[in-house]
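**Student:** Going left to right, the sequence shown walks through residues 1243 to 1567 as this note's numbering numbers them.
Some hints here could point you the wrong way.
Stated by the list, open to error - Okay, derived cross-link-like pairs now, PhoX-like style, lysine-lysine, Cα gap no bigger than 25 Å in a straight line:
hint	residue 1	residue 2
1	K1291	K1523
2	K1299	K1330
3	K1523	K1496
What the hints contain is simulated information worked out from the structure, not anything from laboratory work.
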Amino acid sequence: MEYPRTTKDDIEDGELISIISKVVHSQAFDDGNELYHLQDANGNELTLKIWSGETDKYDIETETWYMINDAEGDVFQGERNLGSNRGKMEVVALDEAPEFVDVQVEEEFGELVEGGILALDIETISTVSEQEIDLNNSDHVELLCIGVGFAPEVGAPGSSSVLFRQGSEIADEVDLLQRFCDYVENYSPEQLLLFKGDFDIQHLRGRAERVDSGSGISDRVSDLFDQHRIINLDPPGSLEDNAEVGETYWDIYKHSLNPSQWREGHPRYRGDVDDPAVTNKDIPYFGERYLELSDETNRSREYRALHELLRHYTVADIEPLFKMV
């Protein structure tokens, strides 16, 4: 059988395409629609949406390679995905991946070792506009808070908390990094646990380098990552696709912000601008306001509300990690 060599990059909006993909995860929704998370021949992640009236035409299983014929390209805000072409799409299960497929090798961490495990997740604010931001550039972000949690052994439930930056000055960011290092050193874990943690590690190191000014914080942060085993969970999809993550609702907290004002026209926000659930696209805006209020002598009710909103959101990203190892 001759297979198509097309990949995610070949998808055009509204155009039909045949593609080889592996189904790595599936979601079924209350309205009957189904969403399949795919991996193409080059390892790129994309999705295939099948509408409720068409789902009975397909029998699709996870961890299986398929030849997908005549799917319809769906390109929105630069994201290339697939639709089922009003039921005209065909899927053919393959016994194995074709020889030309670049099967991604999962990062090996070896056996989990005995001893404590410390989970972490950072939240950041932006120093440039959303249109300009390069999320790989540590000059474009600053640390807002660091979610941390500790479990005495693998498989045990963890206890989580959030280390907050206490003001908008660079000295406050240095202080946050020092308290993070103190936390890790105090618990002395055998391993550090992150979910898709390249962003976290890059910017903890990057921000420490930029704010060091002779404080030694850059070396201190680097030593933490160099001296501990790193478990960087990287399954297909988001954390919400792989675990139960509690929602944080911005409209139950008393503050002066309305997320629809920045969601409208945001280059990476997809969804209802009035959705009450907080997303990672909202955090820089809530965080910037929180730091403004942190600089005031008297901490206001709005400050306390935003503190709780950010705490709840950050802890919700930490607690599921202990169940994933």
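**Student:** Now tell me, hint by hint, if it's right for this structure.
**Tutor:** Verification of the hints:
no.	hint	result
1	K1291 <-> K1523	holds, 23 Å
2	K1299 <-> K1330	holds, 9 Å
3	K1523 <-> K1496	holds, 20 Å
In terms of the numbered hints stated before, the structure departs from none.
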